[in-house]
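Novice: The listed protein sequences derive, respectively, from chains A, B, C and D.
With UniProt numbering applied, the first sequence covers 1 to 434.
With UniProt numbering applied, the second sequence covers 1 to 434.
With UniProt numbering applied, the third sequence covers 1 to 434.
With UniProt numbering applied, the fourth sequence covers 1 to 434.
Be aware that one or more of the hints could be misleading.
Identical copies carry no separate label here, and so any pair may be met within one copy or between two of them.
[As the list claims (entries may be wrong)] No more than 20 Å apart at the CA atoms, straight line, and that leaves these computed lysine to aspartate or glutamate pairs for EDC-like:
| no. | residue 1 | residue 2 |
| --- | --- | --- |
| 1 | 417 | 379 |
| 2 | 247 | 29 |
| 3 | 74 | 114 |
| 4 | 417 | 240 |
| 5 | 4 | 374 |
| 6 | 74 | 379 |
| 7 | 74 | 3 |
| 8 | 314 | 23 |
| 9 | 314 | 3 |
| 10 | 251 | 119 |
| 11 | 417 | 427 |
Read the hints as simulated data drawn from the structure, not as lab findings.
Number of protein chains: 4
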Amino acid sequence: MNEKVFRDPVHNYIHVSSQLIYDLINTKEFQRLRRIKQVPTTAFTFHGAEHSRFSHCLGVYEIARRVTEIFEQKYAGIWNADESLLTMAAALLHDIGHGAYSHTFERLFATDHEAFSREIITSPETEIYNVLSQFSPDFPEKVASVINHTYPNQQVVQLISSQVDCDRMDYLLRDSYYSAANYGQFDLMRILRVIRPTAEGIAFERNGMHAVEDYIVSRFQMYMQVYFHPASRSVEVLLEKLLKRAKWLFKQDRYFFEKTAPNLLPFLQENFTLDDYLALDDGVMNAYFQSWMTAEDKILADLSSRFINRKLFKSVTFDGESQSQLYRLTDLVQSVGFDPEYYTGIQASFDLPYDIYRPEKENPRTQIEIIQKDQKLAELSTLSPIVKTLTGTSYGDQRFYFPKEMLHLNDLFAANKEIFISYTANDHFTPPVN
Amino acid sequence: MNEKVFRDPVHNYIHVSSQLIYDLINTKEFQRLRRIKQVPTTAFTFHGAEHSRFSHCLGVYEIARRVTEIFEQKYAGIWNADESLLTMAAALLHDIGHGAYSHTFERLFATDHEAFSREIITSPETEIYNVLSQFSPDFPEKVASVINHTYPNQQVVQLISSQVDCDRMDYLLRDSYYSAANYGQFDLMRILRVIRPTAEGIAFERNGMHAVEDYIVSRFQMYMQVYFHPASRSVEVLLEKLLKRAKWLFKQDRYFFEKTAPNLLPFLQENFTLDDYLALDDGVMNAYFQSWMTAEDKILADLSSRFINRKLFKSVTFDGESQSQLYRLTDLVQSVGFDPEYYTGIQASFDLPYDIYRPEKENPRTQIEIIQKDQKLAELSTLSPIVKTLTGTSYGDQRFYFPKEMLHLNDLFAANKEIFISYTANDHFTPPVN
Amino acid sequence: MNEKVFRDPVHNYIHVSSQLIYDLINTKEFQRLRRIKQVPTTAFTFHGAEHSRFSHCLGVYEIARRVTEIFEQKYAGIWNADESLLTMAAALLHDIGHGAYSHTFERLFATDHEAFSREIITSPETEIYNVLSQFSPDFPEKVASVINHTYPNQQVVQLISSQVDCDRMDYLLRDSYYSAANYGQFDLMRILRVIRPTAEGIAFERNGMHAVEDYIVSRFQMYMQVYFHPASRSVEVLLEKLLKRAKWLFKQDRYFFEKTAPNLLPFLQENFTLDDYLALDDGVMNAYFQSWMTAEDKILADLSSRFINRKLFKSVTFDGESQSQLYRLTDLVQSVGFDPEYYTGIQASFDLPYDIYRPEKENPRTQIEIIQKDQKLAELSTLSPIVKTLTGTSYGDQRFYFPKEMLHLNDLFAANKEIFISYTANDHFTPPVN
Amino acid sequence: MNEKVFRDPVHNYIHVSSQLIYDLINTKEFQRLRRIKQVPTTAFTFHGAEHSRFSHCLGVYEIARRVTEIFEQKYAGIWNADESLLTMAAALLHDIGHGAYSHTFERLFATDHEAFSREIITSPETEIYNVLSQFSPDFPEKVASVINHTYPNQQVVQLISSQVDCDRMDYLLRDSYYSAANYGQFDLMRILRVIRPTAEGIAFERNGMHAVEDYIVSRFQMYMQVYFHPASRSVEVLLEKLLKRAKWLFKQDRYFFEKTAPNLLPFLQENFTLDDYLALDDGVMNAYFQSWMTAEDKILADLSSRFINRKLFKSVTFDGESQSQLYRLTDLVQSVGFDPEYYTGIQASFDLPYDIYRPEKENPRTQIEIIQKDQKLAELSTLSPIVKTLTGTSYGDQRFYFPKEMLHLNDLFAANKEIFISYTANDHFTPPVN
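When you get a sec, could you build the whole thing from the sequences and use the hints?
Specialist: Here it is as structure tokens:
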């Protein structure tokens, strides 16, 4: 087919010259990603970050396309050209199972976006399955196994999932571009010139090590400054409380949800199909939240309204040693009239910027290998002082969330609120000494 | 209040140090703009352009803030500092009445976003009115009159609406940034340094004329290459046909819409309030379209599905002299089994890149004035050869839209389709000679 | 050889994987380009534009490398892969004969940078000749013939010299990047995807026409706003007067130049070799001008000092009809004590932004051809309204230069200067009516 | 005066509205900075980095202008507006004493650019002194004392010289822009919004800490990857050897230098004035080196030719423990016919990315202070985990330089060279075990 191009702000152009890839993009399952934001809660803090998973998935594909094109040209003996299309398809589809507000939704309704990804790819009812299986009958399974990390060729698996994979490279650049938090920028062009397939997987040439270092530092800074932003986490807390209330209320008033949230019913009654899942997206969910704003249940109505109109909870950090004292804050929130089950919450966010391979860990990381001049591999942190300083340590904080009304003293609860304020000076929880 | 900053990819930061502005941003009417895309049909072609009217309105405000700050500092005698806050509020709120898919929606349901803007600003029921009227009782009316062009001070009016206003300057930069079509970039910083209030309105210093020229050329290129893109216009045609079918069907089956599209009812029955209008947004509309995909009415179901899954109509350009022959194409579309009322359409897009003030015209333009070294004003096209070449001429084209199935020859209608194809070679309608 | 990369701000990286190209870069004749500014007089106005011809030549090479790589991959039947290295070498070396302040120097000393380019490439004494001839004995002549436009394959010739060639594309992007005048930016990546070899030369696919349009407009804007800047042209006038005085003085005092400007002697005595030419560069010339600042000849000393310390002439535009009246200004300059032969000058700058092929013209242009959907060629201005408006018309102005002392009224010549000022209001020469 | 603007690629525009600043820029001493590269040896590796100290000094001024403008507007009680012009003048002039290839030149000829800065500012013979003293008689001394760190107001001193000063902020951004090594980019706009004067000097608000962190990391990366690039350091080694040979030769053949390098004589005879110093610049020095390429002294001629034609020395790193074994390499270089005094060299480069104030150190650093929510100051590394990891540790390496001919085996010295190569595998010196 004639090459198609999609104008893209991150990669300038997305190039598609494979009919398979073009057909995958045009499936309804893939087009659905236009209606699911990449970082929906971040967009409440960084208003520019309104981009969808559709854009991100195209970007991951484009990086995979560039990498495999280079691999075919430069490393014909090590890289099997037959793997290129598989890599590109897996890159394009790696997030296909994501739904609206995935992370929170999964916790509340016990869904699993990875399982859905697998089902979308391998279920004969989907358009994606049909496109893939026309290419070859075992292609759906192969694509699913790459996303699943069970595909035998580690080169392919690591391009899709490792510490420097196509997914992470795109989302850092893209979230950075849209959020305007420039920390996420790194030198993709340089990385593309030094990435290499090896017998065991993927490695990077020594003369491009600085670009890899910079990528690690950029990722670290994006986590600290964008993904872990207290206000975005507040949106997550609010959403969790809101859905929790809906679940509780569903047991009392099923009819209300039949009327106001038909597509959510299968999840509330814990009996859903793939089609049920695909029928949900950000717009559908937000439409339901909007209709709940006038619910008779005051808590559901209030939380929905706070979410839709962005009246976020406030927060303070707290240390491990004072965690047992948090009941003091909870009690005060309750004393003012808020049900603490729905109006307070704890949110912890920690990131491990880099780690070496530690087989004893539950999810051991694939460490980053650098190819030295004599062609021997060396693990990144042995060569890079700055990565060494970041290796093996987690960074982040844990926060206690509460209604911002706790800080407004203009009502009859002012006395209690003053105590609350005295415990939360400087945005940090400091319980009284005894 | 302490200055608040919003990270913004176009202006780097949006600065808010006025409590009024901050409170306006936090109203539910303004937060609603997060759920309305700035260029919803363009996003189907330029996938990066997923930004909302919320971002754009913040951007227009920020440009107004910078301009009025400079006016206060440099032109204290000509610019009345009391107008600054009014200008900023009007800039922030100029699009507050926009709804989901505004342009198409207005045509179908006879709504008027400018009238809604006025109502949102001046109706005592809105949060926006309450914020504005707390500042001063006549402030809502003043803001509305600026947006309405009836405010006496032309300096303020022209900053909000003229050939080089804060609105256009933001949307060119922003749509360009998000769509990745760089043509829209121009030198805002330079324009901010040469823009000046005059006795009659707004003018630009001679030594910054090139930046204004470049802005005119950029705007022209954005219209030609982004806003008038045939695929985006195809989305508009599809949406129009879809809503037209819904209106027709509503007369046959009111219950269907009560069940599937409750918030649209007031518009279908042509009896709506401001609250009805504010309850609609992109997500709500898309949720309805998704539920219509399984409607019994085949045309509604099919058009909804084409819209949601992006199966767009194709198009050809046509000249004025062959317009009377378009029935040939329509007939062929019908012969293949498509109802031409819903499956064909005409869409014309023309832009006048620049014009001088022509009082005889219906909507005469406010021409761009350049302040020469001797302080006399000169109209831009008298000084700029490139603007002169663009003045007074409209550019664009008109297109005939049809289902892309007309180009697929693998069915029993192949003979008719071949005739269709022969009339539409090179994407241009060329009727047979006799 | 292993690919070498050069970090480049315009193209991100310059990639060299041909030993021939790498060896050419390392010749002393090519390294000499580091010491010659690309736009030496522009740098006096746009201080950032301090880049050398070395950077530019690498950039032209890189564009040629990308184009020919694409041609080899996509147009194997039309493009002969054997021409790729020739194209890249010609691109790299197209400016090799440029010297210090080339344009002015050539006028004064009757040198010809194109003839020098040819000689550097084909003279057995140069390192460049030796690198080229090791590749094949006729390679120097071939490269020279491409630069000379006499090579039979018009594809190669047009890549190096035509209205959209590698040279112009690099210098627009580069001069724009360094000068910070962003007008010169255009979408190189898009042009690279739509440029195609044809039987007759080079053409562009229809779907990339907007990028070519934008390139034409960008080039036009760069000429108007950067290359023709009055202050930069003032530097040229000053340099010309300075060298003219040196030539005159050389006839009176040969010894002075033997002592202060040894490498300039061959040119002053109009008897120079290639080695003489290569021994001159910006630094050498500036060193001579600095030593002339203390010359006994007051005019040479003063002009040198004005040049080195950037005390530029001022200027006014004038029309054709008032040109015959310019003697009035010249007389006034003389009346104040300046020798008008060295202290006044006329400088005309005009650019033809685009033209079709006009065989009757002296240097007919190779017009830009667009490949339509049916593969027929169409000349650009027949398809593009904006290019049509610019076709065949020259834009620019002519200016009269004079010492800025003419505008300072604090001396006994004030009366004459007042008359001068009255003739030059608004930076335009307006002679008295009679 | 009317505001003047200079287009600048780093800051977009340099704004000058003070006549004093404008006059300073137009002095011959400041215009001379156009002829002195900012990073002359780096330009041999990063060819884009051809910018001059003139551009950098304008940039430092512009940052100082923006900071002081903000200080005047926001911190009127803490910042004395009378200090603004002093700060801007000191920013503009802080590097005025730099000469051609300053760092190497100083080592060889015992000059001191800081002493020259002071002299240029305070000597009544300079144009700069005259401009400054017209403003007020003590202004030259005041400006000099700021640059000298002896001015009493630490706010002013720290803006010009501290761990986050205007100088460093400009050079990181500028060297990064021109070299295309994007590591040096950081969020200047954010830093400008959070920088604050305090009673003791300069501090940064807590909510902008991440921008300061990012600046520290960027600076670290620029040192590691740009400033300490082995090839650039090779240029420095070559230049040092070349000038060392000239000094030696001057004692044998004074006449040669009178003829070929008149402006260098005062330095060779160790008896120079300010005027002598100002008469040297990059172009003059390079002109001399070019003339030395044909010297009878083979070493001077060869080193000059290597420098001018960029035939650089190669290098290997070495550890402290093997330093005593470097004689093995030196001996081998000598055995092949190179005088090791001029053809080998050691170059060590180390950077301390950040440090707290340590009064016991010779040049204790002014630590970075963060203003917390309760307005108390906290030292940066106590709040920032990433800065903590970098505090107090130096990073870098030491290298042994030698002619690249040592690696070419095609001559009768091949046996010795093979031994040399065996000691320098992987670009690291590994002496034999015994």
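Novice: How would you label the pair residue 314, residue 3 (within, between, both, or neither) given a Cα cut-off of 20 Å?
Specialist: Cα proximity of residue 314 and residue 3: across copies only (19 Å, versus 50 Å in one copy).
Novice: Can you tell me if residue 417 and residue 427 fall within 20 Å by alpha carbon in one copy, between copies, both or neither?
Specialist: Within. Shortest intra-copy distance 15 Å satisfies the 20 Å Cα cut-off; inter-copy 66 Å does not.
Novice: Checking an output row: residue 74 and residue 114, CA cutoff 20 Å. Within, between, both or neither?
Specialist: neither (33 Å within a copy, 39 Å between copies)
Novice: If the cutoff is 20 Å on CA atoms, where do residue 251 and residue 119 land: within, between, both or neither? Let me know, please.
Specialist: neither (29 Å within a copy, 41 Å between copies)
Novice: How do residue 417 and residue 240 come out at 20 Å by Cα distance, when the copy is not named: within, between, both, or neither?
Specialist: neither (25 Å within a copy, 54 Å between copies)
Novice: First find the shortest C-alpha distance between residue 74 and residue 3 inside one copy, then the shortest across copies, and answer within, between, both or neither for a cut-off of 20 Å.
Specialist: Between copies, since 11 Å is at most 20 Å while 22 Å is not.
Novice: Within, between, both or neither: how does the pair residue 314, residue 23 come out at a Cα-Cα threshold of 20 Å?
Specialist: Cα proximity of residue 314 and residue 23: across copies only (17 Å, versus 46 Å in one copy).
Novice: Classify it for me, residue 4 with residue 374: is the Cα-Cα distance of at most 20 Å met within a copy, between copies, both or neither?
Specialist: For residue 4 and residue 374, only the inter-copy Cα distance (18 Å) is at most 20 Å; the intra-copy one is 41 Å.
Novice: Using 20 Å as the alpha carbon limit, work out where residue 247 and residue 29 are close: within a copy, between copies, both or neither.
Specialist: neither (27 Å within a copy, 29 Å between copies)
Novice: When Cα atoms must be at most 20 Å apart, do residue 417 and residue 379 count as within-copy, between-copy, both, or neither?
Specialist: This pair counts as neither: shortest intra-copy Cα distance 53 Å, inter-copy 32 Å.
Novice: Reference check for the pair residue 74 and residue 379, CA-CA at most 20 Å: within, between, both, or neither?
Specialist: Neither. Shortest intra-copy (23 Å) and inter-copy (39 Å) distances fail the 20 Å Cα cut-off.
In summary, the structure is inconsistent with hints 1, 2, 3, 4, 6 and 10 from the numbered list given earlier, while agreeing with the others.
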